[in-house]
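Turn these sequences into a full structure, and let the hints steer you where they fit.
The residues making up each chain are set out below.
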Amino acid sequence: MSEISVRTGGAAGDGIASVGDVLGKSLSRMGLHVFGLNAYQSVIRGGHVWFQARASSDPIHSQGDQADVLFALNKETAQIHLPTMNAGSTIVYDPEKFDLADGELPVGTKKLAVPTLEIGRKYSNQSILQNAAGMGATAYLVGIPFPILQQTLADSFGRKKGDVADWNIGAAGDGYRFAEKHSGANDHAVKPVGPPKLLMTGNAAIALGAAAAGCKFYAAYPMTPASTILHWLAAHARQLGIVVKQAEDEIAVVNMAIGASYAGVRSMCATSGGGFALMVEGIGMAGMTETPLVVVESQRSGPSTGLPTKTEQGDLNMMLGAGQGDFPRAILAPSDAGEAFRATVKAFQLAEDWQTPIIVASDFHLSESVMTVEREEVPFPGPIPSLYTVEPNGGDYKRYAYTESGVSPRALPGQPGLQFKAGSDEHDERGRLISDVLSGVPIWVAERAKMMDKRMRKLEGLRAAGPVPSLEGPGDAALTFVAWGSTVGAIRDATYLLKAKGITTNLVRIPQVYPLATSVLIPLLSHTRMTLLVEANFSGQLGHLIRAETGVALPHRFLKYDGEPFTPGEITQKALEVVSHGH
Amino acid sequence: MATSAVPASGTTPLPVLVSKSDIKPTWCPGCGDFGVIAALEMALKRLKIPPHETVIVSGIGCSSNLPHFLNTYGFHGIHGRSLPVAEGIRWANHGLNVIVTGGDGDGFGIGAGHFVHAMRRNVKLTYVTMDNEIYGLTTGQASPTSTMGAKTKSTPAGVIEHPINPIALAIASGATYVARGFSGEVKQMADLIAGALQHNGFAFVDAFSPCVTYNKLNTFDWFRQRVYKLESTDHDPSDISKAFTRAQEWGDKLPIGLFYKADRPTYEDLEEVLQAGPAVQQPCGLVGRESVLDEFL
Chain A
11 MSEISVRTGG AAGDGIASVG DVLGKSLSRM GLHVFGLNAY QSVIRGGHVW FQARASSDPI
71 HSQGDQADVL FALNKETAQI HLPTMNAGST IVYDPEKFDL ADGELPVGTK KLAVPTLEIG
131 RKYSNQSILQ NAAGMGATAY LVGIPFPILQ QTLADSFGRK KGDVADWNIG AAGDGYRFAE
191 KHSGANDHAV KPVGPPKLLM TGNAAIALGA AAAGCKFYAA YPMTPASTIL HWLAAHARQL
251 GIVVKQAEDE IAVVNMAIGA SYAGVRSMCA TSGGGFALMV EGIGMAGMTE TPLVVVESQR
311 SGPSTGLPTK TEQGDLNMML GAGQGDFPRA ILAPSDAGEA FRATVKAFQL AEDWQTPIIV
371 ASDFHLSESV MTVEREEVPF PGPIPSLYTV EPNGGDYKRY AYTESGVSPR ALPGQPGLQF
431 KAGSDEHDER GRLISDVLSG VPIWVAERAK MMDKRMRKLE GLRAAGPVPS LEGPGDAALT
491 FVAWGSTVGA IRDATYLLKA KGITTNLVRI PQVYPLATSV LIPLLSHTRM TLLVEANFSG
551 QLGHLIRAET GVALPHRFLK YDGEPFTPGE ITQKALEVVS HGH
Chain B
-18 MATSAVPASG TTPLPVLVSK SDIKPTWCPG CGDFGVIAAL EMALKRLKIP PHETVIVSGI
42 GCSSNLPHFL NTYGFHGIHG RSLPVAEGIR WANHGLNVIV TGGDGDGFGI GAGHFVHAMR
102 RNVKLTYVTM DNEIYGLTTG QASPTSTMGA KTKSTPAGVI EHPINPIALA IASGATYVAR
162 GFSGEVKQMA DLIAGALQHN GFAFVDAFSP CVTYNKLNTF DWFRQRVYKL ESTDHDPSDI
222 SKAFTRAQEW GDKLPIGLFY KADRPTYEDL EEVLQAGPAV QQPCGLVGRE SVLDEFL
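Residue numbers (the working numbering), protein chains in the order written: chain A, 11 to 593; chain B, -18 to 278.
Keep in mind the hints are simulated off the structure, nothing from the lab.
Honestly, I wouldn't trust all of these hints.
Below, in silico cross-link-like pairs of lysine-lysine (DSSO-like), each with a Cα-Cα straight-line distance of 27 Å or less [said to hold, decoys possible]:
{"no.": "1", "chain 1": "A", "residue 1": "K408", "chain 2": "B", "residue 2": "K26"}
{"no.": "2", "chain 1": "A", "residue 1": "K408", "chain 2": "B", "residue 2": "K29"}
{"no.": "3", "chain 1": "B", "residue 1": "K168", "chain 2": "B", "residue 2": "K197"}
{"no.": "4", "chain 1": "B", "residue 1": "K197", "chain 2": "B", "residue 2": "K5"}
{"no.": "5", "chain 1": "A", "residue 1": "K201", "chain 2": "A", "residue 2": "K121"}
{"no.": "6", "chain 1": "A", "residue 1": "K460", "chain 2": "B", "residue 2": "K5"}
Shown next, in the form of C-alpha cells:
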C-alpha cells in the first residue's frame, strides 16, 4: 500500500480551495482512492483555511491524521501544521514571503524553499500565480505526473482558457521542475495505479442522487454546509430539466417543495440546522397531508448559529422531534459520498411509496469533503415512471382511504373527477375536515383515532423498507464501534490501525437512524464483548435513541463537539483506552 | 390555457363547471366570506374553468376554509404559507389554474414576507384575501389591517400600530393586477376576480369581507357608506402613480375596483426549464445522461 497526505493552507481569499481541488482531482485521476478535507472559516478574506488531500492505493475513508507534504502560503499555516507532520515530510514555502528557521522544523521534516512569487512574476503581476508555482512543486513531491497536473489545471480553467490558463500552467511547470531539481528523494510519493476515479463531495452526490431519482423541483435558501447542493443543481437545472428555486426563507422553501410534490413532481429541499428549524411546521404538514417530501439536513456545529463551517451530529434530536404531534418519517444517515447518492435515491423512493417526509441527514464533514467513488457505487435507477397512477373511479375517490399499509391512492391535480382537499387539519378518508364542527362528536372522535392509526401504520412500513443496521468486520471482536453518518469513515480507518496493534474491532453502522430496525439491531448489539459509541455531539443522541428503542445501553462513549471531524488516530487512542481500562 | 394540466390520456372528460361541494361553509350567518365565495364561483363558471384543472390553496383562518366549499382540487395548508405552496404547484404544473384564498392575518401578518416575494416574482396566481381587519377564528384579536385605535381582545386600549395598506404594498411589490372588492358588491367582485383569473401574472384582489361577530367597527354598513367604484371615475389602472394615490385614500371614501394593471413577464415565462412545458410532463432521471458524471472524473 502506498499512501500520501498533502496539505495546503493560507488565508481565506488566497485560493486554497482551487489548489486543493486541483491536487485532489489529479490524485483521483491517478486511480488512487482520495479523501479531501476542506477546512475553512466563516469569513471571505483572512483567517486560516486549509485543505488536506489523502490518497492511497487502498480504500481510505477519512482525511487521516498527519501530513507528508505541506504547502504553506503564510507563516501561520507553517506554525499550525508543522506539529502534525509525519517523519520524512516536506514543507513547501517561499522565503520571499516568510522565513522558516531549521529550528522551527520538527525532527525529520525537510523544507523546500520555492521562489513562487518570482516564478509568478515571470508570467504576470497577478500574485495568485504563486499558488500555481507552489502547487507544481507540491505535486512533484506528492508524485503526481506533470501531464496529469497540467490537464487538471487546464480543465479547472474551463472556458476561461487563454492567457490566465497558460500562465498558471507555465508557473506550475516551473514549480514542478524546481522541486525536481532541488528536493531529495521522496519516499512518500505515490504512483498512478489505474484509470481515473470519480471524485465528488457528499453534497454533489446528494444533488446527483436527487437528479437520478427524478427530482424535478428543488428549493433552498443559502446556508452552509448545504449551499453547494443548490449550486450544483442550479448549474445543471437547464441541462437536467429541474426547476431550482432560491426562496425568501426556509419556510417558503419547504412549503414550495410540498406544493410542487402535491402537484405531481418529485421534490426536495436542503438546509442546515437553523433552516431545518424553520421548516419544522412544514414537515409536519407534509406528514399530515401525506405529501412525499425529501429534506436534506446537513448539520453544522450548534447550538444557534454555532460554528457555521464546522461539523457536528447534534441535530438528531431535532430531526426526530420535528413537528407537533406524531407522524411517520424516516431519517437516513449516509456515511460517504457513494452512500449519500444511494440514500438520496432511496429517500425519494421511500417518500413516494409511503407518502411522507423523509430526511437525509448529512453533516459538514460529509457534505463538503471530497472522496472517490466507484461507478457502481452510484447506480442510476432505471426510467422514472410518471406519478399519474390513480384512475378516475366515478366520484367515490377517497384520497385518505383506510388501508392495511396506511398508504392511500394518490390523485394529482389536473386529473378529472378525483378532486380532493389536502388538509393540515385532521380529516376523514375523503379529506373533509373533522377539526371544526365535527371535532369531539363521538363518531368523529373514533374517526380521528382511526386516521392517526392509518398514518402511523406507515412508520412500520418504513421500518421494514429502509436500510437496516449492519455489522462490518469480524463477528467476534474485542470492541464494537456503534456509529452513524460521517463518523463511520474515521472508524473504518481506525480499525486498520487497531488491527496493526493486535486489537480486533468491528462496527455496527446505522444507515437509517429512524425508525430503527430493532429486530436487526438488538441481536447485533447483544453479540458484542464491549461497545464504543462514537458521535459528534455533546449528549450522545444516537445512544439515547438506541436505549429508548431497544433498551440496550452503550456505556462507553466517545463524544466530540469541538467542530472538527474525528480522525482515525484519536479513535484508535480512545479504543485502546476502553479496551485496556474498560472506560 | 395553452398547456394541458395532465398528460394526454385516452379519455376526454365531459366539461364540468365549478360549483359548491357537499361541504356547507362553516362561517357565521351574514359573514362577508359568503359574498367572496359567491363571486369566485361566478367568475370560475363564467370563464368555464374546469374544476379538475383548478387548485385553491389556503392557509389557516375562517376564510382559509374556503377550498373545502367548492368542487375543485384544494390544499388547505398551515397558517401564512399558502403562497409558497401555490408557487410550488405552479412551478410543478403551470397548466393548472391556481387560486389562493385567505385572510388578512394569514396574508399580511404571518405571511407578509411570502406576499411580497410572490408579487415581485409575478407568479401567475389569483390571490383573494378576505380582509375583515380582525382575527376571527381565534376569537377577535387585532390584525395587521385593524384600524388605529380599534379595541380588540389583544388591544383593550386600542391598536397603536399603523395598519398595513395591502393595495399600496401590492403595487410597490410588483403585483401586476391589483384590485379591491367588497362583499356587499358581489357582481363587481366577480368581474374583478374574472379579470384576475384571466390576467397573466400575480393578480391580487383584496376583498372587504366584514366579520359580523368580532369586528363591530368595520361593518357592512360602515363599508357601504364609504365605498365608491373606480370604474365610475376617470381612474386609469395603467398609471402606477394614480394607482398609488388612490391606494392612499382611507376614511370617508374607500375606492373599490381595479387600481392597477400592468403587463410584465411572469416567473413561469422567464424560467427556462418551464419553456419545455409543465415540469410534471417532462422526462426525469439520469438514464441516458451518463455524461453528467464527466465533471467528476
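What hints, given by number in increasing order, does this structure fail?
none
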